[in-house]
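From first to last, the protein sequence lines are chains A and B. Using the working numbering, the letters of the first sequence correspond one by one to residues 124 to 277. Using the working numbering, the letters of the second sequence correspond one by one to residues 738 to 1142.
Keep in mind that the hints were calculated from the coordinates and are not lab data. There's no promise every hint is true.
What the hints assert, rightly or not - When the alpha-carbon atoms are kept at most 30 Å apart in a straight line, the in silico DSBU-like pairs for lysine-lysine are as follows:
| # | chain 1 | residue 1 | chain 2 | residue 2 |
| --- | --- | --- | --- | --- |
| 1 | B | LYS1135 | A | LYS221 |
| 2 | B | LYS753 | A | LYS246 |
| 3 | A | LYS155 | B | LYS870 |
| 4 | A | LYS127 | B | LYS928 |
| 5 | A | LYS127 | B | LYS1038 |
| 6 | B | LYS1137 | A | LYS139 |
| 7 | B | LYS919 | B | LYS1038 |
| 8 | B | LYS1138 | A | LYS238 |
| 9 | B | LYS919 | B | LYS895 |
| 10 | A | LYS253 | B | LYS1128 |
| 11 | B | LYS843 | B | LYS928 |
| 12 | A | LYS246 | B | LYS1137 |
| 13 | A | LYS146 | B | LYS1106 |
| 14 | A | LYS127 | B | LYS1128 |
| 15 | B | LYS1038 | A | LYS274 |
| 16 | A | LYS175 | A | LYS253 |
| 17 | A | LYS246 | A | LYS236 |
| 18 | B | LYS870 | B | LYS843 |
| 19 | A | LYS175 | A | LYS127 |
| 20 | A | LYS253 | B | LYS928 |
| 21 | B | LYS895 | A | LYS236 |
| 22 | A | LYS127 | B | LYS1138 |
To be verified - Label pairs and their in silico Cβ distance ranges:
| # | chain 1 | residue 1 | chain 2 | residue 2 | range |
| --- | --- | --- | --- | --- | --- |
| 23 | B | ASN1055 | A | LEU144 | 24 to 32 Å |
| 24 | B | VAL863 | A | GLN271 | 15 to 23 Å |
| 25 | A | GLU183 | B | LYS1135 | 24 to 32 Å |
Stated by the list, open to error - Coverage of chain B stretches by chain A, computed from C-beta distances (three or more under 8 Å per stretch; other residues unrestricted):
| # | stretch |
| --- | --- |
| 26 | 1074 to 1088 |
| 27 | 1093 to 1102 |
| 28 | 1131 to 1142 |
For clarity, every value in this text was computed on a predicted model and none was experimentally measured. Glycine included, C-beta positions come from ideal geometry on N, C-alpha and C.
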Amino acid sequence: MDLKDLYQEIILDHGKNPRNLGKFENYNKDAKGNNPLCGDNVHVYLRLNENKKVEDIAFEGHGCAISMASASIMTDMVRGKEEKEVKEIVTDFLGMIKEKDSLETNILKDDEKTKLMSLSGVKQYPMRVKCATLSWHTLTSALDNSDQIVKTEE
Amino acid sequence: MNIDNIKREFPIFDDKIQNNDLVYLDSANSSQKPRVVVDRIYDFYTKEFSNVGRSVHYLAVAATNLYEQTRVSVQRYINAKDKDEIVFTKGATEAINLVANTFGQKYLSEGDEVLLTELEHHSNYVPWHFLRKAKNINIEFAEINDNGEVTLEAIEKKITNKTKIISVSHLSNVTGAILPIKEIVQLAHSKNIPVLIDGCQGAPHLKLDMQEIGCDFYAISGHKMYGPTGIGVLYAKKKWLEDLPPYQGGGGMINEVKKEGITYGELPNKYEAGTMATAQVIAFNESIKFMEKIGIQNIEKHEKELLDYGLEKLRKNNSVNIIGNPKEKGGVISFTIEGVHPHDIATILDEDGVAIRAGHHCCQILHDKLNLPATARASFGVYNTKDDIDKLDEAINKCKKIFNL
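Construct the complete structure from the given sequences, taking the supplied hints into account.
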């Protein structure tokens, strides 16, 4: 294990200065997620237009560098994508964090994949995987209009 | 037994953990186990095992005697009047649930108040919350002050003529504040209110004398006292155990069972339904004897020295912010580092073998009050040394470096 794999420069940057932080007006989908173990929480807001494209997305919440960076990178990555594409990216990302070595989706460009792969270091830290996945599960919940608060404990 | 060499009594420190010497600073969560306790469990299962209190064969009688010997040891250790005032539970959580459930059943009704404090562990809030739901009672919280303490005055302020029971922590697992429990009990008793003390953090670190404290109930966790998991103690004055209804029903707790009715067993069996954590109870006797051998005064002195050293060291470390500043404080230092989330601190410290806890430590009410979602916490046990604290300080510096602080 190497801490440098976990705390890469890009993670520290996004963790410290998260992009798309804060609620915006006229969102039409949102969901909350929390991690009861540590008290971290996230609230994802997004606006889908009539073509089911993510026009805007942002999040509120607090958490560790990993969870903040993950939410920050995620929101950057899915803006402008269609709902179907977003879901494919989420599935691909969760698969990569859990077991696969790389990302397989063709929706993301190589530099976007590299960015996402910066989160792969958490694989070596099983207790921290939830930090990286919370905002992604919450995004899915927002798209599905679920009223359930996403919990990392099931 | 010399406290300076105590680490060698704990097998966990014999080998490296992830290529590091273990710096274990998570004893408020659970303590490590001395060899005598581990060996006792092994020996009981390999040479002496039987269920207790039922059969008449040799092993059953011997196991029953061993089991009851722990009860006597606990009685001696906490200076209870009678061994029947010692009830074994699966932990302090169950001990508090037992009181909330049985006392609540008999003595609480709509509009009655239970008085807790803002620094209670969830295990001393959730069981009372059940009653709030079931019986429409109210829960009041005595406030903490800026030092992270709960004073006698703060308790007094919240007592009303509806207060039916007061349930407070002996020692906070976050700020380390030691509550004035003797004074709280005196005040409560002057108003005929019984008091439960959550002694999870008190019992492993402070001298316990039930006659001096005078409380009605005292909950103890075995695994925080160098004992096995799955075992706790409820101390309760005999008059309460005789008066309150049984908690769980099952074998061992009955007197006579007929189709038309059931009578319950004598104390302490009345509260020990089903097969108990026999091996753990028997091994817990070794934990108590281990602590008696060191001497609780020596444990208190040792941990106070560590606390003073730790506070001094961490106060000097820039960007470390220590949570709470109680006058009477146990071996717990909760802290934050400006710009680094506690979970990141815990992961980075772990890389050097420094085991701490991060999160809300099962005290969300307190963290809400402090306006902090989480804190990092270093907590001490008998085996810790000043060297451990130096390593904590170094690891904190490494953490600051990674985060460019």
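Going through the hints against the structure:
Between B/LYS1135 and A/LYS221 the CA atoms are separated by roughly 29 Å; this keeps the pair inside 30 Å, and the hint holds. Between B/LYS753 and A/LYS246, the direct Cα distance comes to roughly 23 Å. Compliance with the 30 Å bound is thereby established for this hinted pair. A hinted pair counts as satisfied when its Cα atoms are at most 30 Å apart, and A/LYS155 with B/LYS870 qualifies at roughly 26 Å. Simply put, A/LYS127 and B/LYS928 have alpha-carbon atoms about 60 Å apart, too far for the 30 Å limit, and the pair is violated.
Our distance criterion of 30 Å between C-alpha atoms is broken by A/LYS127 and B/LYS1038, whose separation comes to about 40 Å. Distance hint between B/LYS1137 and A/LYS139 is fulfilled; the C-alpha atoms sit about 13 Å from each other, no more than 30 Å. Between B/LYS919 and B/LYS1038 the alpha-carbon distance is near 21 Å, which keeps this suggested pair within the 30 Å criterion. Between B/LYS1138 and A/LYS238, the direct Cα distance comes to roughly 23 Å. Compliance with the 30 Å bound is thereby established for this hinted pair.
With a CA separation close to 17 Å, the supplied pair B/LYS919 and B/LYS895 stays within the 30 Å bound. Note on A/LYS253 and B/LYS1128: the hinted pairing holds, with a Cα-Cα distance of about 28 Å set against a maximum of 30 Å. A distance of roughly 19 Å separates the Cα atoms of B/LYS843 and B/LYS928; the hinted pair therefore holds under the 30 Å criterion. Distance check on the hinted pair: A/LYS246 and B/LYS1137 sit about 23 Å apart at the alpha-carbon level, within 30 Å; holds.
Taking the CA atoms of A/LYS146 and B/LYS1106, the gap is near 24 Å; set against the 30 Å cutoff, the hint holds. Under the criterion of a C-alpha separation no larger than 30 Å, the hint pairing A/LYS127 with B/LYS1128 is consistent with the structure, at around 20 Å. For the hint linking B/LYS1038 to A/LYS274, the alpha-carbon distance of about 43 Å lies beyond 30 Å, and the restraint is violated. With a CA separation close to 28 Å, the supplied pair A/LYS175 and A/LYS253 stays within the 30 Å bound.
With a CA separation close to 16 Å, the supplied pair A/LYS246 and A/LYS236 stays within the 30 Å bound. The suggested pairing of B/LYS870 with B/LYS843 holds, with an alpha-carbon distance near 16 Å, which does not exceed 30 Å. Distance check on the hinted pair: A/LYS175 and A/LYS127 sit about 38 Å apart at the alpha-carbon level, beyond 30 Å; violated. A hinted pair counts as satisfied when its Cα atoms are at most 30 Å apart, and A/LYS253 with B/LYS928 does not qualify at roughly 49 Å.
Using a Cα cut-off of 30 Å, the hinted pair B/LYS895 and A/LYS236 is violated, with the two alpha carbons roughly 57 Å apart. For the suggested pair A/LYS127 and B/LYS1138, the alpha carbons sit about 12 Å apart, so the restraint of at most 30 Å is met. Take B/ASN1055 and A/LEU144: their Cβ atoms lie about 27 Å apart, and the range 24 to 32 Å holds. Roughly 22 Å separates the CB atoms of B/VAL863 and A/GLN271, a value that falls within the hinted 15 to 23 Å.
With their beta carbons about 31 Å apart, A/GLU183 and B/LYS1135 fall inside the hinted range of 24 to 32 Å. With a cut-off of 8 Å between beta carbons, the stretch 1074 to 1088 of chain B has 9 residues touching chain A; three or more are needed, and the interface restraint holds. Counting residues of the stretch 1093 to 1102 of chain B whose C-beta sits closer than 8 Å to any C-beta of chain A gives 4, which meets the bar of three, so the coverage hint holds. For a cut-off of 8 Å, the count of residues in the stretch 1131 to 1142 of chain B with a CB near a CB of chain A stands at 3, and the three-residue condition holds.
Comparing the model with each numbered hint stated earlier shows that hints 4, 5, 15, 19, 20, 21 do not hold.
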